[in-house]
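Participant: Sequence:
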Amino acid sequence: MKDQTLDACLAACQACATACLHCAVSCLGEPDPSPMRRCIALDLDCADACRLTAAYLARDSAHLGDACELCAHLCRVCGDECGKHSMDHCQACAQACRVCAQACSALAGRGHL
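Just so you know, we're using my numbering here: the sequence shown kicks off at 1 and counts up by one.
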């Protein structure tokens, strides 16, 4: 059964995955990406978690609550890291992570819908 909370979370996960991938690619394009190593790794982990959670949301998985819990955690960690950097792509990623973390937290631990 779909509801607005699920739809909002799905949209947030998709937007966050895109922002994280854009951030990682942009960081890799820096003249010296080595200081951004942690940011890049977290971007990729967060994007993977967001895509997995979006898939679970789309198919109404019985493990949705667990996926949302992990996704919210990774979004918080990634958002905190990206928020430390002044580049526009990092700031946009941090914002997308905050939105997604909030949306996923609302569904964390929720059983089959």
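Take the hints with a grain of salt, since some may be wrong.
Stated by the list, open to error - Result set (SDA-like, lysine to any residue): computed pairs, CA atoms no more than 25 Å apart in a straight line:
1. Lys84 x Gln95
2. Lys84 x His63
3. Lys84 x His73
4. Lys84 x Thr18
5. Lys84 x Asp7
6. Lys84 x Gly65
7. Lys84 x Asp32
8. Lys84 x Pro31
9. Lys84 x Pro35
10. Lys84 x Asp3
11. Lys84 x Gln14
12. Lys84 x Arg38
13. Lys84 x Pro33
14. Lys84 x Gln4
15. Lys84 x Arg98
16. Lys84 x Ile40
17. Lys84 x Val99
18. Lys84 x Ala55
19. Lys84 x Leu44
20. Lys84 x Ser26
21. Lys84 x Arg59
22. Lys84 x Thr5
23. Lys84 x Ala15
24. Lys84 x Leu6
25. Lys84 x Gly29
26. Lys84 x Ser61
Think of the hints as simulated: they come from the structure by calculation, not from any bench.
Participant: Each hint should be assessed against the structure and marked as holding or not.
Facilitator: Hint check results:
A distance of roughly 12 Å separates the Cα atoms of Lys84 and Gln95; the hinted pair therefore holds under the 25 Å criterion. Between Lys84 and His63 the CA atoms are separated by roughly 32 Å; this puts the pair beyond 25 Å, and the hint is violated. Among the hinted pairs, Lys84 with His73 is consistent with the structure: their alpha-carbon atoms are about 17 Å apart, no more than 25 Å. At most 25 Å may separate the alpha-carbon atoms for a hinted pair to count; Lys84 and Thr18 meet this at roughly 19 Å.
With a C-alpha separation of about 30 Å, the suggested pair Lys84 and Asp7 falls outside the 25 Å cut-off, and the hint is violated. Note on Lys84 and Gly65: the hinted pairing is violated, with a Cα-Cα distance of about 29 Å set against a maximum of 25 Å. Restraint check: the Cα-Cα separation between Lys84 and Asp32 comes to about 17 Å, which is no more than 25 Å; the hinted pair holds. Among the hinted pairs, Lys84 with Pro31 is consistent with the structure: their alpha-carbon atoms are about 19 Å apart, no more than 25 Å.
For the suggested pair Lys84 and Pro35, the alpha carbons sit about 12 Å apart, so the restraint of at most 25 Å is met. Between Lys84 and Asp3 the alpha-carbon distance is near 35 Å, which puts this suggested pair outside the 25 Å criterion. A C-alpha spacing of about 23 Å is found between Lys84 and Gln14, which places the hinted pair at or below 25 Å, so the restraint holds. A threshold of 25 Å between alpha carbons decides the hint, and for Lys84 with Arg38 the separation of about 11 Å falls inside it, so the pair holds.
Under the criterion of a C-alpha separation no larger than 25 Å, the hint pairing Lys84 with Pro33 is consistent with the structure, at around 15 Å. In summary, the hint linking Lys84 to Gln4 is not supported, as the alpha carbons are separated by about 32 Å, beyond the 25 Å threshold. Restraint check: the Cα-Cα separation between Lys84 and Arg98 comes to about 14 Å, which is no more than 25 Å; the hinted pair holds. For the proposed pair Lys84 and Ile40, the alpha carbon gap of about 13 Å is at most 25 Å, so the pair holds.
Distance hint between Lys84 and Val99 is fulfilled; the C-alpha atoms sit about 17 Å from each other, no more than 25 Å. For a cut-off of 25 Å, the pair hint linking Lys84 to Ala55 is broken: about 30 Å separates their Cα positions. With a C-alpha separation of about 17 Å, the suggested pair Lys84 and Leu44 falls inside the 25 Å cut-off, and the hint holds. Distance restraint check for Lys84 and Ser26: the Cα-Cα separation of roughly 15 Å lies within the 25 Å cut-off, and the hinted pair is therefore satisfied.
Distance check on the hinted pair: Lys84 and Arg59 sit about 35 Å apart at the alpha-carbon level, beyond 25 Å; violated. Taking the CA atoms of Lys84 and Thr5, the gap is about 29 Å. The hint is violated against a cut of 25 Å. The hinted pair formed by Lys84 and Ala15 meets the criterion: a straight-line CA distance of about 20 Å does not exceed 25 Å. Proposed proximity of Lys84 and Leu6 is contradicted: the alpha carbons are some 30 Å apart, above 25 Å.
Pair hint Lys84 plus Gly29 holds up; C-alpha atoms about 18 Å apart against a cutoff of 25 Å. At most 25 Å may separate the alpha-carbon atoms for a hinted pair to count; Lys84 and Ser61 exceed this at roughly 34 Å.
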